[in-house]
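**Q** Each chain, written out:
Number of protein chains: 2
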Amino acid sequence: MRLSQYFLPVSREVPKEAQIVSHRLMLRAGMIQQSSAGIYSWLPLGLKVLRKIEQIVREEQNRTGALEILMPTIQPADLWQESGRYEDYGAEMLRIQDRHERAMLYGPTNEEQVTDIFRAHVKTYRALPLNLYQIQWKFRDEVRPRFGIMRGREFLMKDAYSFALNADEARIAYNKMFVSYLLTFKRLGLTAIPMEADTGPIGGDMSHEFVILAETGESAVYCHKDWLNDSLDAGAVDYDADLQPIVDRFTTLYAVTDDKHDPKTCGVAEADLAVTRGIEVGHIFYFGDKYSAPMGAEVMDDSGKSSAVYMGSYGIGISRLVGGIIEASHDDKGIIWPKSVAPFDVGVVNLKADDDVCTTASEALYARLIEAGFDVLLDDRNESAGGKLNTMDLIGIPYQIIIGPRGMASGQVEFKIRESDKRQDMGIDEAFQAMMETR
Amino acid sequence: MRLSQYFLPVSREVPKEAQIVSHRLMLRAGMIQQSSAGIYSWLPLGLKVLRKIEQIVREEQNRTGALEILMPTIQPADLWQESGRYEDYGAEMLRIQDRHERAMLYGPTNEEQVTDIFRAHVKTYRALPLNLYQIQWKFRDEVRPRFGIMRGREFLMKDAYSFALNADEARIAYNKMFVSYLLTFKRLGLTAIPMEADTGPIGGDMSHEFVILAETGESAVYCHKDWLNDSLDAGAVDYDADLQPIVDRFTTLYAVTDDKHDPKTCGVAEADLAVTRGIEVGHIFYFGDKYSAPMGAEVMDDSGKSSAVYMGSYGIGISRLVGGIIEASHDDKGIIWPKSVAPFDVGVVNLKADDDVCTTASEALYARLIEAGFDVLLDDRNESAGGKLNTMDLIGIPYQIIIGPRGMASGQVEFKIRESDKRQDMGIDEAFQAMMETR
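Residue numbers (numbering that gives the first Met the number 0), protein chains in the order written: chain L, 0 to 438; chain R, 0 to 438.
In case anyone wonders, no lab produced these hints; they're calculated from the structure. Quick caveat: nothing in here was measured; it's all calculated off a predicted structure. Warning: the hint list may mix true and false statements.
A pair counts as met if it fits within one copy or between any two copies, since identical chains are not told apart.
[As the list claims (entries may be wrong)] Pairs of lysine-lysine, BS3-like flavour, derived with a Cα cap of 30 Å: (1) 259 / 304; (2) 51 / 185; (3) 47 / 122; (4) 137 / 338; (5) 122 / 332.
Please construct the entire structure, taking both the sequences and the accompanying hints into account.
**A** The structure is reproduced here in structure tokens:
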């Protein structure tokens, strides 16, 4: 992509309305624009990141055998009356009357809707286990939306729903999602810690929230320091095997948010206790027949007896993760994207667009990198060198190849790694090779 | 994908509520499920097709230089008050009050929203031309939703918005979309005819609707018979060149829907007049400063003078196309997907899942086809042979490789082409090669 033909409204000004760093940087980097309180448009750069996160989440869901569907945003109220949640849910539910005065709502979550799909089609245990997920926009009418897309009203969420014949099978489904969340967040470049959680309006017996570590996070986190160096290797996971040992390993070590921490009972020696901050980006629930029983979602077992199916639900805040990743990975110059979600693989900066040598070299390198399969942002604008370098740092492209007249006089360009700020002069062929080695 | 682990609730029964063939087949093939009137969930098979269409539309939009963004579904009413459309739009607009009693709405289209983004960031002609598009769910509260997803209330649409300095540049933007629509529908396996159209609630001076031909379509179409054999070759299109000759070629030949046809004035000899039926799947508009003037979206030209920007908007009904393609391509056994949008490339049918020879051969072929990059549906269920063959025909997979005990006795399988119903016995290696040759 040529920056001259892109829509990237970056800004040097620090927006007054933004209280947290991810919100400030998303506005300054031209990733989002507010439409109304807590509701945002995604501009090209922001949307690219959102889609990359979405795709990683999708791939990791598919790997577990979960099947993607898509439910509508507007649901009929009567489904929620069946489950009993229509009255309970409160003012966060956006309630709507259609032209025929039927009561509708903008779904804040989809337990009822997916249970309705299930009960229409599945009658026998032979169709189980089943896990249906979607990646769809939701709405929660927060009383005070804030922190940009981190606590917005319209937000993109992956929500999965598992159906099983009995509690043991339901636990297997829960464990699959637990493990897949560890792998998903790792691919996103994040350290995520599962913590026992309250079940809130979803309800149920068992629940974990996944909290990613970020110094600027919303909650204080107290955890055993071994958390900071532990992570799950994708190669070690076989979804057809018993996952309980992995779940046990990742639930035994101490980790809680501040509201649950008690130094007297935590049982971790002070030297082993890490105190940091975190952001909740995922939440999984096991709730048995809470929805299936009142809604009549029953399956027949191999003896011919029907009973309500055992369910769980599993959410990942995809739009929230865009902010979460920035909170976890930025510096005073801007965003530092992990490679897996970076909007472009590499930026080529032509420092002097009216210089033939620089332009010829930039264009040739741009074409060669595209040919090799990289997603490249070429700054071909006739702007100041300083502004161009600041923009590349602000929007956080992992690698930059900077082409200016001084270097070109001796055939050199600068290869820069955004995260470490390591810079090195080298020939153009070497810079191309350096990019090939980042794969 | 193994059918034993998929969620494909097919049905032999013809649903009573469905009046048109695409609606009947989508329900029978387990592609969608109604949530409430005119609102549907997309089940795994339906969603795969929807996403394939979406991706083709996206690629063709990107090829023109249009940039993808994503606007929220819920818009503030005040934007529509600025343009004057809030009162005009009528009961099809889903109007919503949030918890603070602010007037909101579920966007039926996005001219105001995108103009708001534009005016916040673009002030100079140097940023033009610009075309921003999104693929997002919309809502129109139809008084009588019908025909399944063909005339639903919540629907997925690609909507693009072009911004230009003057009327000439705006015409260039319009022509790019016009040509890209021809290429898009062709890739979807459709014959689409652009027709001069009324502008309706979008407004403006110039408009074309794109009507795909289908014998079961909603409107009668009268057109010169040369239309039926004409199509645009992607290789002949250079978006940087003058596209007017292509637009002229595709607007000169006679083509109208029945409400505009007058045999006395049509000017086409009876022998050259084709009478068929069609479905509107796209609509493009040029409307100058209809939104930019009242909303103050102005740019400065090279003399320093500011004036309202010239705009157009361009829609493709992506969810509607799923039904439109089925209307254009089906037989009495079910759907016949064009290769470009088929949910799977090939089906492997193991006629006898409890036969070792059949199962070993099916599994080996399944693995080999996946390895070669095909998206394969393996029917590995322990069901009747007839039911399996009917299912593959119903869901319209373009190629089927059928493996049964009788054929396997002499090492033969049946290779079947869904569209032509051509069947041929051959060895497994040959069947694999036949698939390779479909690329």
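**Q** For residue 259 vs residue 304, is the C-alpha pair at or below 30 Å within one copy, between two copies, both, or neither?
**A** For residue 259 and residue 304, neither the intra-copy (42 Å) nor the inter-copy (62 Å) Cα distance is at most 30 Å.
**Q** Given a CA cutoff of 30 Å, do residue 51 and residue 185 count as a within-copy pair, a between-copy pair, both, or neither?
**A** So residue 51 and residue 185 pass the 30 Å test inside a copy (14 Å) and across (29 Å) alike.
**Q** Using 30 Å as the alpha-carbon threshold, which applies to residue 122 and residue 332: within, between, both, or neither?
**A** between (57 Å within a copy, 26 Å between copies)
**Q** Treating 30 Å as the Cα threshold, decide for residue 47 and residue 122: within, between, both or neither.
**A** For residue 47 and residue 122, the Cα distance is within 30 Å only across copies (24 Å; inside one copy 41 Å).
**Q** Between copies, within a copy, both or neither: which fits residue 137 and residue 338 at Cα up to 30 Å?
**A** within (28 Å within a copy, 33 Å between copies)
Hint compliance for this structure: hint 1 alone is broken.
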